[in-house]
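Colleague: Single-letter residue listing:
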Amino acid sequence: MTAAIELVNVSKIYRRYGGKQFSTLKSALLQRSIMRDLQPGETFPALTDVSFKVPKGSTFGVIGRNGSGKSTALKLVAGITKPTMGTVLVDGRVSALIELGAGFHPEISGRENVFINGIMLGLTKRQIQDRFDDIVGFAELSEFIDAPVKTYSSGMYMRLGFAVAIHVDPDVLLVDEVLAVGDEGFTHKCLDKFSEFRRRGKTVLLVTHSLGLVETLCDEAVWLDAGRVEAEGDPKRVVGAYLTAVEEGEQELMAATTAKAVGAVEEVETTAAPASPPDMFKAAEGRWGSREVEIAQVALLDRSGEPSFVFHTGEALHVRLKVRAHHETDDFAFGIGLFNADGVCCYGTNTYVEEMSPERLSGDADVTFAIDSLDLVEGTYKLDVAVHKRDGFPYDYHRLLYTFRVKSRTKDVGIYRPQHRWTFSPNVRFTR
Amino acid sequence: MFLSLATLVRYRGLILSLVARELKARYRGSVLGFAWSFINPLLLLLIYSFVFTKIMPNETPDVKPYAVFMFCGILPWNWFATSLSDAAGSLIAGGNLIKKVLFPAEVLPIVSVLTNMVHFFLGLPILVFFLLISGHYPPLSDLIWFPVAVLVELIFTCALALILSALAVHFRDIRDILANIIMLWFFATPIIYPWFQPNVQRFKWLFNLNPFTHLAVSYQEILFFNGPFGHWKWLLALGVLSVLLFLAGYWLFDRLRDSFAEAV
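Residue numbers (my numbering), protein chains in the order written: chain A, 1 to 432; chain B, 1 to 264.
I should point out that these hints are in silico values taken from the structure, not numbers from a laboratory. Everything numeric in this text was worked out from a predicted model, so none of it was measured. Using N, Cα and C, we set each Cβ at its ideal position, and we do this for glycine too. Take these hints with a grain of salt, some might be off.
[Said to hold, decoys possible] Sample of chain B residues facing chain A (criterion: CB under 8 Å; computed from the structure):
hint: 1; residue: 10
hint: 2; residue: 12
hint: 3; residue: 101
hint: 4; residue: 258
hint: 5; residue: 262
hint: 6; residue: 264
[Claimed, not checked] Here are the computed lysine-lysine pairs in the BS3-like style, where the Cα-Cα straight-line distance is at most 27 Å:
hint: 7; chain 1: A; residue 1: 189; chain 2: A; residue 2: 56
hint: 8; chain 1: A; residue 1: 193; chain 2: B; residue 2: 54
hint: 9; chain 1: A; residue 1: 53; chain 2: B; residue 2: 99
This is chain A alone, in the form it adopts within the complex (with noise of 0.2 Å):
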């Protein structure tokens, strides 16, 4: 199969502003830098050495966090930049769907905003009227053609803008994150659209962050990371290697945001411990206690006992406590207590309401809080973890130091997820 689109080892490196770059005219004359400030200074490497390969009639996914260099690929593809090095090829003609309505002038009319457009796009005039009809109509902007463009709404502005785009009638298609423009209506619309461009061989380069969308679609996907090319090739597989790295760039966000609690908590605790608590129902991190029972250590393990910080819907949690009993007491308890991101209180509980009556601790001891399902809907949560006496005097208590993160594939909402199921009578029938 021949490549509509293929990218040979292309780097592009955009210059770096701001610091020592010349500013004016007068001190490029003065210094007679003028050619040497216009070579880059300091560089940032937008791409490094990507190649791959889009085969024509395919739809072909970029994914790929925010700055990994999606849109400069994008830009490469469209020719409105040049690579730095390495080689683009394209065949056929290109519309890009980057910026929607790039060209409008906000005190005319959508009427002659849609002809300089097409025009602007590489249609001939008698090319946009016998498209007009179909562009308006895909607007949904029919009653408003005739108004200056200034007093559209974003959303009417940018229908307009994927309208005519669309009608370009392109061979190559290149859409960077428009999806967003419309309605639900209109999102439909968009990808009846580009279904029918698939229909009729057409090649799509989308880039997005909408990874459903990309498993959906996509015949081929193609994930960069910092420039470079991680994965490429079968959707599904390269959705997946992206969110695994994701979720492991986001176990070190949670590993350093509990660290730094922590650590901010022992510092505070060096030079002046509170030994009374703060109000308890304000949501602040803190560290308090008399430290006659100390918890020296909290872990939270995934079910095959790793630490881990980002947790799956229904999975085993468990908190591990490594608890130091100074000297020997009969009187405590364990607490634990599960907050999410608004600071709402999921669950609390404690051994002493669940009626354990304490008779001894002493020495190193470990305690474990296990979920064996963990049914929180997604989101981040945060961990109160405390040891104290039967009537709620502090042995030692931290509040909200642990952070974790829920990851579930349903979209549900809410503080928890009870166990459920859905019957239904025979005549309510669903696909799959």
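Using the hints, position chain B against chain A.
Modeller: Relative to chain A, chain B alone:
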């Protein structure tokens, strides 16, 4: 480079519709609309008439009415000056197009020049009207030079517009410097004083170095003064120079083209 020049011809449809858009957008929302293209030069002419007949009467022989004489130079000057200041900002103003759409950047400064040329043409009827009522009927043998002068000015202005617009992307100061240079240039050109004044003739060589001297003098000789058009050699020389300058300007523009999308 000549390949790029050929694309310029290919984009003529785009250039024309952009010029039309600028003209439409310019007066959109104003009550008098297009009439302003006539009213502006008319008001200008009336002000100059008042100043130079009532306040500071100019008694130079053979130059009557003085305001109409000045107007012959001011109209083309305004075309030139406004084009340059528009063009200098054109790439920056059109940054969205250059950054986000595959768009031939050279179209933008050229559209600035052509838009102002249309304003120039719209001012001409006012000039012709006052030439006729003040008894100046330029002979046909002079008038055939008028399109030549317009063409030379067009190429000359486009050349400078390309250079300025390309450089202004990298050196934003150009736009501010330009306003002052244009002012200086205006007074250094025999527009509000006649070319044959003894004080001007004393520095003739200096004035000859100013390209716009030859355009202004050409317009004045063609439209205002009777007698054969004697300045044609200078005009043609400037024409040749303008073409060379245009090629040089286009070359420079082409060299800097790839930097626009990043620097705008």
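Colleague: The structure should be examined with respect to each hint, and the outcome stated for every one.
Modeller: Here is how each hint holds up against the structure:
no. : hint          : result
1   : 10            : 10 Å, violated
2   : 12            : 11 Å, violated
3   : 101           : 5 Å, holds
4   : 258           : 5 Å, holds
5   : 262           : 6 Å, holds
6   : 264           : 11 Å, violated
7   : A/189 to A/56 : 23 Å, holds
8   : A/193 to B/54 : 70 Å, violated
9   : A/53 to B/99  : 24 Å, holds
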